[in-house]
Amino acid sequence: MASVETAAEHERILREIESTDTNCIGPTLRSVYDGQEHGLFMEKLDIRIRNHDREIEKMCNHHFQGFVDSITELLKVRGEAQKLKCQVIETNRRLQDDGKELIGAMEELQQCRVQQRNIATTIDKLTHCLPVLEMYSRLQEQMRTKRYYPALRTLEQLEQTCLPRAGQYRFCSIMAENIPKLRIQIRDTAMSQLRDFLESIRKHSDKIGETAIKQVPGAQDLVDFSPVYRCLHIYTVLGLRDEFENYYRKQRRKQARLVLQPHSNMHETLEGYRRYFNQIVGFFVVEDHILHTTRGLVNRAYVEELWELALSKIIAALRTHSSYCDDPDLVLDLKNLIVLFADTLQGYGFPVSQLFDMLLEMREQYGEILLKRWNITFRQVLDQDNYSPIPVSTEQEYRHYTSQFPLQDPELEKLPFPKKLPFSEFVPKVYCQLKEFIYACLKYSEDLHLSSTEVDDMIRKSTNLLLTRALSHCLQYAIKKKNVGLAELVQVIINTTHLEQSCHFLEEFISNITNVPPDTANATKLYGTSTFKDARHAAEAEIYTNLNAKIDQFLQLADYDWLASPQGGENLSASDYLVDLITFLRSTFSVFTNLPGRPVDHATLPGKVAQTACMSACKHIATSLMQLLLDPEIRQISMGALHQLNTDVKECESFARASPVAGFQGDTLLLAFSDLRQLLELFTQWDWSTYLADYGKPTCKYLRVNPHTALALLEKMKETSRKNNVFAQFRKIDRDRQKLIDTVIKQLRNLIAQHHN
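For the sequence shown, position 420 (counting from the first letter as 1) is numbered 810 according to the working numbering, and the numbering increases by one without interruption.
Warning: the hint list may mix true and false statements.
[Claimed, not checked] The calculated label-pair distances, taken between Cβ atoms and stated as ranges, are:
#: 1; residue 1: C502; residue 2: T462; range: 15 to 23 Å
#: 2; residue 1: E567; residue 2: G629; range: 35 to 43 Å
#: 3; residue 1: E695; residue 2: E658; range: 26 to 34 Å
#: 4; residue 1: Q506; residue 2: T462; range: 57 to 65 Å
Derived by calculation from the structure, the hints in this document are not laboratory data.
Glycine included, C-beta positions come from ideal geometry on N, C-alpha and C.
When you get a sec, could you build the whole thing from the sequences and use the hints?
Given below as structure tokens:
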């Protein structure tokens, strides 16, 4: 059984040896040696080899004739082959000889091809390098000519495009290393130019503003903004735009604070204000141009923030500095300058309503300054006035004054020349000054964008202040001034009367220049007429006071003999001082009242004033005489003194009856002396029974005699009777008189006590 398997295995191995490639026969042979029957295998192998040899031999025998024929053919071919070989050698020799030139030419061609290739390579490299060199050369030229923004663009193109294409060359490496340095140089140079630009516009902002206010060239015609644009582009390309914007805004804010800081002496001249405004306008004109010519370097919010800051600073500065000004012309010029400043900035889109509000505030200050100036003017006019009616001798002179003051007096116009105007020089001068003041107020109101009604209201209010404050104070000063006589006071009354009547002409004058009718609803009325009324009343009161003072001067000369012995009352004459006083009063009232038959060459008192003055004088005389009679220092009064005083009172009553001033009804003027008259009659007639019996009745004869007054005078008579009649107890008549006085005194005291209870 084992031999059959071994034989089968050996047969398989032989088939593999016959069919397998010799390179892979190793494993097959190894399987033979691994077995135990390799001897048997070798025997089978020898048998297989012999079988193949016999087959080969059979095949060779079969093809032998063909082989012999082939050899024979080969032998024949050998001679031909030898000849062919010789021919080939000869041909090769000739070919080699002929090819030497060709080979030389080919070598030359090869060399040329190598050179051509090198040249092409060189050209290619130069094609990439030359743009780099050209661009670098252009960069150097741009840097030299300070064209930094194109230089920055060249740097970018050089770095991103040209240098990568050029390859790794030393000069390229050097260029690449220099590029960041050049960028820094460009950035720093651009920033330096920007600083120079900022410094330049700071120095020249007043010139820029002046030009902008005049509305001649624009900012771009005065300022080279290229440093800003250049620096903005450069920083944008460098990716530093935010940094540049922050820097620019920060620097401009600093400059804004400097521009908005006024000089300490700015208020002294208009030029100081003009420079201040020009600088501010120049600053914001530049910012407005930057706003509209750059994309976001500054924005509207930033500019508005700066303007709000500026507006608050400007208004604060103007309020402070304008408060030092006391020249209305300078304030007016300043107002015009502010209006021009506001209108200019409004044209650039900046809100300026607060400036116009401040101008209205300054209007109050302007009005106060005007009031001070006109106060001085009015005082000078009043001081220089002669307080006499104005004489006019020709029609030309008359028209000259009536053109200055609206005098409407048909009766005066009918009078022949020469004649006199009723008022003195200060009336037309004051009226002209009132009109000048109105014009000054109107000048300030111009260009403030106010309606006609608002302008009219402002002018009327200011004119009212002028009348009620400045002119009123000046008139009061003129009236209260020392050494002002009655004639001057009378003239003041005449003058103020005419000025009061002229107020409606002032109303019309204001309406004509403002085009607002005076009867417009809510229109302010000129209530300054009260000024002239008050001045007239003050002058009237001063007339009364001065007249009474003159009367007091005469009364001081009174020298009564209070212990005079009784004389016949009919034979007494009035005291000298009183005669002089009455003469003075007659002269005064005849001069200052328009009595029939007297020429009108002086100021005349109005009727009511003259009447009041006359009544006041009479009352003052009566009161003074009564006080003199009741003076506590005069302890004794005789009946003789009472008779003298009674005579003087009769002189006063005679003056009152003579109607020194027209217009009194009946004996009205005599009422001033009624108290004194009844008292003197009571004592001189010794009519005590009537007085005591009728006291308290409406029809009492001595109704105006006060029991206290009567008692005081009676006490003085009692003292006189007691001391002057030492021997009264020895004379029955004197004793009876003394008893009678005591009885009357007692009765008066009882009367007083009863009525007091």
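Quick rundown of the hints versus the structure:
| no. | hint | verdict |
| --- | --- | --- |
| 1 | C502 / T462: 15 to 23 Å | violated, 56 Å |
| 2 | E567 / G629: 35 to 43 Å | violated, 20 Å |
| 3 | E695 / E658: 26 to 34 Å | holds, 32 Å |
| 4 | Q506 / T462: 57 to 65 Å | holds, 59 Å |
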